[in-house]
Structures are given as structure tokens and as C-alpha cells.
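Peer 1: Each chain, written out:
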Amino acid sequence: MAELTYRSAVAHGIAQEMRRDPSLVMLGQDVGPAGGVFKTTLGLWDEFGKDRVRDTPISEQAILGAAMGAAMTGIPVVAEIMFSDFLPVCFDILSNQIAKTRYMSNGQLAVPLVVRCANGSGVRFGAQHSQSLENWCMMVPGLKVVAPSTPVDMVGLMAAAIRDPDPVVLFEHKSLMATKGDVPDGEVLDTLGTARTVRPGTDVTIAALALMVPRALEAAEILAQEGISAEVIDVRSLVPLDMASILESVRRTSRLVTVEENPRLCGWGAEVASIVAHEGFWDLDGPVLRITTPHVPLPAADVLEDEAVPSVDRIVDTIRTSWG
Amino acid sequence: MPENHYANRPPRTPPPLNEANADLDIDREVRLHLYRRLQELRQVGDRLHRLFLENLVRGTSHLSLGMEAVSAGFGAAMRDDDYSLASYRGHAHTLSRGASMEGVIAELLGRDNGLMRGKGGSMHLVDVDNGMLGSYGIVGSHLPIANGAAWSAQLRGSDQVTVCFFGDGGTNIGAFHEALNLAAVWKLPVVFVCENNLYMEYTPIDLVTAVEHPAASRASSYGLEEIVIDGNDVDEVYTCAQRVIERARAGEGPSLVEAITYRLGGHSRADTAKYRPEAEVEAWQGHDAIELYHRRLLSLGVDEVELTAVATDVAAQVDAATDAAKAGPRPPLEEVHTQVFADGGSSWRN
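Residue numbers (my numbering), protein chains in the order written: chain A, 240 to 563; chain B, 451 to 800.
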């Protein structure tokens, strides 16, 4: 067992897989000797060399295109897009090409690759370096989407994403980089499409993702002192989506709150809420609540960004108020 | 805007035929193969056009009528395990790698015996068994992907070469420049082939491009040789293809070839191409790839009877492929839900 930061868990997971599969390569801007702008790939270039850890120009389409072409001809790839905000620059390659090629070719071509990117708010970078775009990717048929919230999940889900035969977009949260957690020695391998109950409870289910998970846990602690027992589910994977775990929890608690960092419209919680409204309707004792960033671009100033993104206080207040 | 808005521009005529190409060192057997391939591509193209007019092909479609020498020449110079990628104008590039005519025609007819069982359609032909890694519907998108296939060959040490075909219109999109730069920096075994048919869609390419040759004039930006060839002279295409493919195979890096050619028809099914000067169309009809090659082969001593037999044989093949394609059933409706993910299905939740 070793204590790792979330940041170092990224390289830890990739290194585990590069040792296991000598054909696995990675590429991206500054991922080599620089170790990535978030230092998430530190050490990989030293261990695996320049042929397997490739620095690229600032050419997002060239990065994802190279990843796709290699993946569909037998070379598994991890591609870094530095900020998820840059995915729109190469969204054609991601959403039209990588996502749809298996289908359009009727299975003649497979695209086993991982696109990793730094996602989310909290570092005061403003509207083009702080977005949470997991819901954009979730909407595209053919893509899988994961967003780990802890170091051990980062290692295990990174390994699962790399071994998965489908394209996976893996979101690394910028505000979780310095957080720490235990990671077991030896191989760590998790399963895509599995949510995790990170705090049991009986009165309300809180479904959260990435940075919203520790906030939901903190909110649950405060609510517990007020006599409200909240169960917190770390959704972890948006595609595949573990609805069985959420529906099972709602059957016991009869209430559901989603905590989403994405802007309001068409956030991932909307799909979860819609499924629960349909399949869990008779289990519910109250309306499903969605706590989200409002439908605005993210502002840069700290007080404004903090106001926009769901906070512990907002989670507590929303649930407390709903109790009437 | 009138339909013939560019029809009064001065015509851009074909390059003069290089008669010396008759003396190129190409085996008679290869030349007969090239002639047969040209006939196949032309006759399948003509047949698809007729099937559109009969309303048996739905949606849109982009034919290569008049442009066949590019795919025929490159296809003949490629090794079986080399990779091709094409734009949405990909029928000829798929057939030139050896794809079945029935599979191509049936795909356009939306039949279960189509190459992708009706899931891709005219703009997305794929035939992996023959090295055809796809036809891509978004202009320019496949150039970066071709780099990936070439990178993979480089990593695997397989000495396979990737050839990527695109139109003149694709040279003004960012992906073209991103791809060329990375291919040069990584010295990838890839050949980029611009089929410059002078019109991006309805607009003459020279009106919207800063340089004379939309692809070749940009080659120097990436440290590459400027290569412009007559894309209607299949011997010239084949010889150039051999040279740049061997260069890539030897680890000497990418090439960018601009093949000047012309569409005999419109951009797509709905386009009657009346925006082109009449004298220009006539000049290019006089520089038709198949007629040029027919004349050259006669001048090299091939018997007219032999060439007629090839054309007749191909016609029978196209008829048989059409019948087989039409006889195919519609895809089962369950096919909507298959092959989204590697488990064969489309399930995104439990």
C-alpha cells in the first residue's frame, strides 16, 4: 500500500499498463520530458522512452487522428488533450470519427484508445480552461466516459479504460490533483460502468461525480449532524452508466439529488433524473433535485467561480430546504 | 444566383499529354491491369449513376467519373497490406484495392450484402480485408487519421505504407496542415494524394486558395518536394506512386502529390455542374483517362480486340455484381442497434 496523490496516480496507472503491454504508446503536448503541464505524466518518458511517450505539436486534430489511426491498426494509445476545453478543437475526430467508426464500418474497425484530459473548475482559469465537458462526450454514441475522484480509482479506471476495446474519454479533475489516497501494491484494475457507494445512508441518495464527490461527502457529514442520513454514490462512469446502483439506492432512500459540475442544460444528472422518474417513480417520496452550475460560462474571479459551481453549502442548503 | 455563375470564366484546360510517358518502363501485363482497372472503375461509376437515376440509390453520392486514373495508378503500385484512406468520394479508391463490386453496389443500395451491411453508405466505404481503412465524410478529417495508421506501421516495423486521398477542397482546412506537419516531423510512411479536380464543390478552387497549386504549393511549408502530375495519365500516376511509396517504405518519410484531374459529372448526385465553362468541360472530355490510355496501348502494339474483350468482360462483371447486389435482402432491423460498442451492441447502462 502506498499513499499517492491523484496527480501521480495518473502516471502510476499508465505506467502499470505500459509495463504490461509493450505495444501501448502515449502522445500529447508536453507529455514527455516536461511530464505534462499538470505533471500527470512525470516519469513516463524516462521509463518508456521517446518512441512510446511522444511529444506533439499544438495540433489537437493531429493528436487524436494519430491516436485513432494507430488504434485501428493494432496499436493501443493513450492520447492527452491538455484541457478538456480543447476537445472542441478536435471534436470532429472524437465525435465523428473515433466514436462512429466501429458502427459505420459494421465492426470492421475498432478504436481501442483513451483520451485523457484535465477537466473542471477551481483553478480560476476562466471560461475556456475550467469547463466540465463530460456531458458533451456522454451524448455521443460510441464513446465511453469516466471521471475518477480518488487516486485508487484513477489507477484502476485508467487501467480498465486502456484495456477496454472501445474508445474511452477519461476526465482528470484539476482541483483533485493534490488530493491523496492509498493505492494497493501490485496490479490495480477496476471495472468501467460501476458506481460506488462511498457513504451509506437511509434518507436521501446523492449521486455525484469527480470533484462533486468530496463535496457531497462533506455535505453528508453536516446533514448527518442535523439528522438527515445521506447516501453518497460516486457515479464514476457516465458511459456505461450504472443505473442499477442508483435505482437500488433510491429504492431504500426514496429521494435523489444529483450534484453536477456541468452547466444545467443537458447535464448528466438530467438523464439520471429522467430514468429515475420513469423506473423509480413509485419509490420516490419527493421530486428529484439537480444541483448544477447555472447555464453560464464559468467566470474567472474566485468569488464568482465559487458562486457558480455547486459548493458544500449549496448541497446542504438544497437538501435541507427540500426537507421543508 | 444563376446556376451557371462561373461558366463565363476562362476555361482551365488540361495539361498537354506527355507523349514520352508511353516510353516509361512499365510491363505490358501491368499496363493491361491498369486498363482493366480503369474500365472497372468507370463502368461501376456509370452503373451507380444509372442506379441513382432509377432512384435505387437513396441519399447522396459522389462519383469519381473522370478521375479514375488516380485510384487505378496508386492502387496498382500499393502492396496488398498497405493502407488506403479516402474522402467521401471513395468508391474508386475502395474498388482499386480489390473490394467486391457487389459489396460496393449493395452498400449504396442499402442492402445486407453491402460492405457494411448498409450502416455506412456511399460516403463511408470500408473494406479492411483489402487494406481500405475507410472513406471519411468530413473534409480533411482523415489526413490526421492516415498519420496514425502510418505511425502504427512505423512502431510495428511492418514497412506498410499508408496512402491518403483527398480533394483540392481539403487543402484549406486546418487538419490538412496539422497532418502534413506531424507526418514530416515524425517522418511517417504516408503518402498524401490530392485529387485536384479544380472545383471544391461548386466553386473553382483557385478563387478560394492563396496559391496556384492547392496542395503542391504548400509542400515546401513542410519541407516536402512539390509534386504535380497529370492525374488523367495512368502511367504517370503509377510511376509517381511507385516512387513515393517506395520512398515511404524505405523510411524516407512522407510525400504530398497533387494529381490534376477533372470530374466528368457534378460534385454529388444533385449537381448537374452547369457552373463550369463549356469549353473547359469539352477540353477535359478530350483528355479522358480511359480514351488516352486506350490510344496509348494501341500505339504500344496492343490489339484493339484485346482491349474490347477487357471492356466486354468488365461489363459482364458489373452486370452480375449489380444483379447480385439487387438480389440482396434489406438489412434486418436489429442492425440499427449493433456494433456501437465492442460487445456488438449499443447498451450504455445497466
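It should be emphasised that the hints constitute simulated quantities derived from the structure, not laboratory data.
Keep in mind that a hint or two might mislead.
Said to hold, decoys possible - Computed cross-link-like contacts, DSS-like style, restricted to lysine-lysine with a CA-CA straight-line distance of at most 30 angstroms:
1. A:Lys339 to B:Lys724
2. A:Lys278 to A:Lys419
3. A:Lys278 to B:Lys637
4. B:Lys776 to A:Lys289
5. A:Lys278 to A:Lys289
6. A:Lys278 to B:Lys724
Unchecked claim - Among the chain B residues that face chain A by a calculated CB cut under 8 angstroms, a handful are:
7. Tyr456
8. Arg567
9. Leu605
10. Gly607
11. Asn622
12. Ala625
13. Glu628
14. Gln789
15. Val790
To be verified - Over the 10 angstroms line for every Cβ pair with chain A, so calculated as not near, a few chain B residues:
16. Leu467
17. Met566
18. Asp577
19. Asp579
20. Gly736
21. Glu741
22. Gly751
23. Leu757
24. Thr762
Since the structure is predicted, the reported quantities are computational estimates derived from the model, not experimental observations.
Even for Gly, the Cβ is constructed at its ideal location relative to N, Cα and C.
Peer 1: Taking C-beta pairs only, is Asp577 (chain B) more than 10 angstroms away from all of chain A?
Peer 2: Asp577 (chain B) not clear of chain A: closest Cβ-Cβ about 8 angstroms, inside 10 angstroms.
Peer 1: Against chain A, does Glu741 (chain B) hold up as non-interface, every C-beta pair farther apart than 10 angstroms?
Peer 2: 36 angstroms, holds
Peer 1: Hint check: is the beta carbon of Leu605 (chain B) less than 8 angstroms from a beta carbon of chain A?
Peer 2: Given a least distance of 6 angstroms, the restraint on Leu605 (chain B) holds.
Peer 1: Let me know if the C-beta of Ala625 (chain B) comes in closer than 8 angstroms to any C-beta of chain A, holds or violated.
Peer 2: At 5 angstroms from the nearest chain A Cβ, Ala625 (chain B) passes the 8 angstroms test, so the hint holds.
Peer 1: Is the claim that Gly736 (chain B) lies outside the interface with chain A correct, judged by CB distances over 10 angstroms?
Peer 2: Since the minimum Cβ distance to chain A is about 39 angstroms, Gly736 (chain B) lies beyond 10 angstroms and the statement holds.
Peer 1: When you check the alpha-carbon spacing of Lys278 (chain A) and Lys637 (chain B), does it fall within 30 angstroms?
Peer 2: It holds: about 28 angstroms lies between the C-alpha atoms, which stays within 30 angstroms.
Peer 1: What's the verdict on Lys278 (chain A) and Lys724 (chain B), does the C-alpha distance respect the 30 angstroms limit or exceed it?
Peer 2: Violated, at about 58 angstroms.
Peer 1: Does Leu467 (chain B) really sit off the interface, with its C-beta more than 10 angstroms from all C-beta atoms of chain A?
Peer 2: 37 angstroms, holds
Peer 1: According to the definition I'm using, a residue is off the interface if its beta carbon is farther than 10 angstroms from all beta carbons of the partner; does Thr762 (chain B) meet that for chain A?
Peer 2: Its Cβ never comes within 10 angstroms of chain A, the nearest being 33 angstroms, so this holds.
Peer 1: Taking 10 angstroms as the cut and beta carbons as the points, is Asp579 (chain B) off the interface with chain A?
Peer 2: 8 angstroms, violated
Peer 1: Are Asn622 (chain B) and chain A close enough, Cβ to Cβ, to be under 8 angstroms, as the hint says?
Peer 2: Not OK, violated: Asn622 (chain B) not within 8 angstroms of chain A, min 14 angstroms.
Peer 1: Can we keep the Arg567 (chain B) interface hint, with Cβ of chain A closer than 8 angstroms?
Peer 2: 5 angstroms, holds
Violated hints, listed in ascending order, are 1, 4, 6, 7, 10, 11, 17, 18 and 19; each of the other numbered hints is respected by the structure.
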